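K.L.:
Take the given structure of chain D and dock chain A to it, following the hints.
For the protein sequence lines, the chains are D and A, in the order given. Mapping of the first sequence onto numbering that gives the first Met the number 0: position 112 corresponds to residue 111, and the numbering continues sequentially without gaps. Mapping of the second sequence onto numbering that gives the first Met the number 0: position 71 corresponds to residue 70, and the numbering continues sequentially without gaps.
Treat the hints as calculated values from the structure; they're not laboratory data. Just to be clear, a hint being listed does not mean it is correct.
Identical copies go unnamed one by one, so any copy, or any two together, can satisfy a pair.
[Stated by the list, open to error] Here are the simulated DSSO-like pairs of lysine-lysine, each with C-alpha atoms no more than 30 Å apart in a straight line: (1) Lys88 x Lys63; (2) Lys51 x Lys316; (3) Lys87 x Lys13; (4) Lys1 x Lys87; (5) Lys51 x Lys406; (6) Lys1 x Lys174; (7) Lys328 x Lys63; (8) Lys13 x Lys215; (9) Lys1 x Lys207; (10) Lys230 x Lys87.
Keep in mind that this is a model prediction, so the values were computed, not measured.
2 protein chains.
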Amino acid sequence: MKLSMVADHARWPKENDMIFNLSERAQAAEKAIGKENVINATIGALMDDEGKLITMDSVYSQLKSLPNNQISAYASIAGQDDYKEAVKKVCFQGNDPDGYTRVVASPGGSGAIKLAMWNYTNPGDVILTSDWYWSPYGIIGEEAGRSVANYKLFNKDGNFNTESFKDKFAEIVDKQGNIFTIINSPGHNPTGYSVSDEEWDEILDFAKEVAKDESKKIVFFIDVAYIDFVKDDLESRKFFRKFGDLPENILTIVGFSMSKGFTAYGMRMGAAIGISSNEDIAEEFYYSAMHSCRANWSNCNRGAMSVLSTLVADQAKFAQYEEEKKSYKDMLVRRAESFVEAAKGVDLEILPYRDGFFVSLPCDNPREICEELTKENLYLVPLKMGLRFAVCAVSEEKCRKAPKVIKEAIKKIKSVEGSLG
Amino acid sequence: MKLSMVADHARWPKENDMIFNLSERAQAAEKAIGKENVINATIGALMDDEGKLITMDSVYSQLKSLPNNQISAYASIAGQDDYKEAVKKVCFQGNDPDGYTRVVASPGGSGAIKLAMWNYTNPGDVILTSDWYWSPYGIIGEEAGRSVANYKLFNKDGNFNTESFKDKFAEIVDKQGNIFTIINSPGHNPTGYSVSDEEWDEILDFAKEVAKDESKKIVFFIDVAYIDFVKDDLESRKFFRKFGDLPENILTIVGFSMSKGFTAYGMRMGAAIGISSNEDIAEEFYYSAMHSCRANWSNCNRGAMSVLSTLVADQAKFAQYEEEKKSYKDMLVRRAESFVEAAKGVDLEILPYRDGFFVSLPCDNPREICEELTKENLYLVPLKMGLRFAVCAVSEEKCRKAPKVIKEAIKKIKSVEGSLG
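Next comes chain D alone, as it looks inside the complex:
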């Protein structure tokens, strides 16, 4: 055996990040033939029509006007108190669920997932999420010996597949006694799906049924990373109320992130929000998560916390932020609608898009198709079951063009596969 110093559990294949790699190739192409001739749909961040990262003035002027010591000082381990309050305010916007809520700061949404998964699952546990899912859920899990099981996200009508969800949920909770399930909504990455209020009711009614067996422990992790890029800010937050007054053996943890909603990706600022009808359970969440903070990253970006709390504390500034965000959201909606329409026009199958940064397309041989598309100077991300197109990063004009190009690449690969088969 080759010499190795690392512990057995820490040995991973030397994989390069596929997304990163394609994104680099796209950038190289842009340099070589000009940005106007490349469609780079790999990037999970809001870009302007010229392919430049959008940074909100209201956010960055606030950051740069902070006194130095509000950036320099250590933050409290679980986050500054005013930040914790600000998180609840911007996340729930008045739709706070009834019950006991505790907020623990985290480095981005990823950190919140880590806090929740580490503390509420055991080594060897299976975590439930949909078959279309953001791959870091799996990476966060595998790092600590947890694995991921999937239900089918969509039924044949293109709605949330409640049956598949219930089946898998029941199977896991029967076997493990506990279940940790991640639902990324609204604006699911990678499909853009948003669970409807009626679908949430079905999900929660079922969970409540299971929870009647008091030995079962149920944790919902609701990843709302894209909640600020939905068509209706308020409507899409009403579902939070449904997590009030649940049985004591259902704990909800909301994963909040400043990355998208405040164009603050690089600042690494988020939070895990624990919600329980039992105060002891909420407190337990707080202290367990705080221990993990101390044991992983100690505390979080103080300046980023100050940006959020000072913005929220100042009505005029917050209104300016909201206006700015709205203009970008409107831009995003136009892009997504253009893509969806154009896909329909060329009969390109896409998954039901509702909100958020991405549209996905189901297909066979996604890697081959991605490679084929690079020849047309169109770059997107291959997933296990299809392709992810980042409408957040591509101009409306290019969003309108892309479906036809993709359709043809799929046809081409299909015919090659056919002739080989």
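P.N.:
Quick look at chain A alone, frame taken from chain D:
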């Protein structure tokens, strides 16, 4: 049993941070009776003589002049390339050890410890550090089922206790087959001790002897969080060269932090630097640590990285930073010398101080003494085996006054204990 939702491994006592609590009480006292009448030696950050946090202009003007997108964009998982190069430059300052070096960005020095400990120890392992040690080493360990064993830091002459180190090291490596040992030098927290070059030679000669058994795996984690606040920047970096050309089964990981050296505590920016004479081992370090990044916090503070790499790239700016840092370092040295001198004057026993932010005093009943001292409006931090006085946070004048006050409190508690005993 009380209802609980959290996993068994994630249940911790609801402890409040003792340091934080005393620090809050000190601040309350400052408000009540005026800063000039309180000695607050609890804070592990550089404060000016008026008790205000010091923030270096050269660092913060750089941060605030960055283009927004250099703060906003996601960083690479393992850190931006120019940041990684800048880390090596400011950390080693030309004393790069021979061999293969890989840098992985982390949220502060804490994140670097996490990366190293997680990947190079197994659940149930014992980690070796000195009996005086920064308590988060234990917290980072216990979170993942590792525990801490100690050697005596000092021999009777007040030097590094090589005998005790060797005994414990041998005991653990015999039993476990592998050993992970943390040495925090120069400017050890909490004692201010710095391992001398001769002591490093003894330590490494012994490790090389153990490493002759090729089945043994030895990891040194060198925590250099305080390296920028030592009397001689260059002299105190020469020891890095000793980690070149070590046997392949000795891996060195240096824990770098921007917190102290750049007054950037709240930015959460550091790095783990892996050093090996074998390129595969260095690569293995890189990929394991990168997996942990993705699985814990995804990526780090992009703006903080840009601050370091732009400062390092600009000679004039870097010279300005060094000058500014020097002025604060000189201030720190004066404070520490005043404290040490005054302690000698009143015959107060302190541990051998060399560099860094803290001086420690060995004593019995540290909590009682701390409590007693609050009556004199002097606040410091109780440790298991004594008291920690933060010279970094207290004016020279107060550093000169404090030893007498502490001496009297110790006497008083001793006499109470005596009369009870």
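K.L.:
Would you mind marking each hint as holding or not holding in the structure?
P.N.:
Each hint tested on the structure:
1. Within a single copy, Lys88 and Lys63 get their C-alpha atoms as close as 23 Å, and across copies as close as 27 Å, so both meet the 30 Å cut-off.
2. For the homomeric pair Lys51 and Lys316, the shortest alpha-carbon distances inside one copy (24 Å) and between copies (28 Å) are both at most 30 Å.
3. Taking the closest pair of Cα atoms, Lys87 and Lys13 come within 30 Å of each other only across two copies (23 Å); inside a single copy the shortest separation is 39 Å, beyond that limit.
4. For the homomeric pair Lys1 and Lys87, the shortest alpha-carbon distance between copies (28 Å) is at most 30 Å, but the shortest distance inside one copy (51 Å) is not.
5. In this assembly of identical chains, Lys51 and Lys406 lie within 30 Å of each other by CA distance solely inside one copy; the values are 27 Å within and 62 Å between copies.
6. In this assembly of identical chains, the alpha carbons of Lys1 and Lys174 lie at most 30 Å apart only when taken from different copies (23 Å versus 38 Å within one copy).
7. Taking the closest pair of Cα atoms, Lys328 and Lys63 come within 30 Å of each other both inside a single copy (24 Å) and across two copies (27 Å).
8. Only between protomers do Lys13 and Lys215 lie at most 30 Å apart by alpha-carbon distance; the minimum there is 25 Å, versus 39 Å within a single protomer.
9. In the homo-oligomer, the alpha carbons of Lys1 and Lys207 lie at most 30 Å apart only across protomers (21 Å), although the nearest pairing inside one protomer, at 51 Å, exceeds that limit.
10. In this homomeric assembly, Lys230 and Lys87 come within 30 Å of each other (Cα to Cα) only inside a single copy, at 20 Å, whereas the closest approach across copies is 46 Å.
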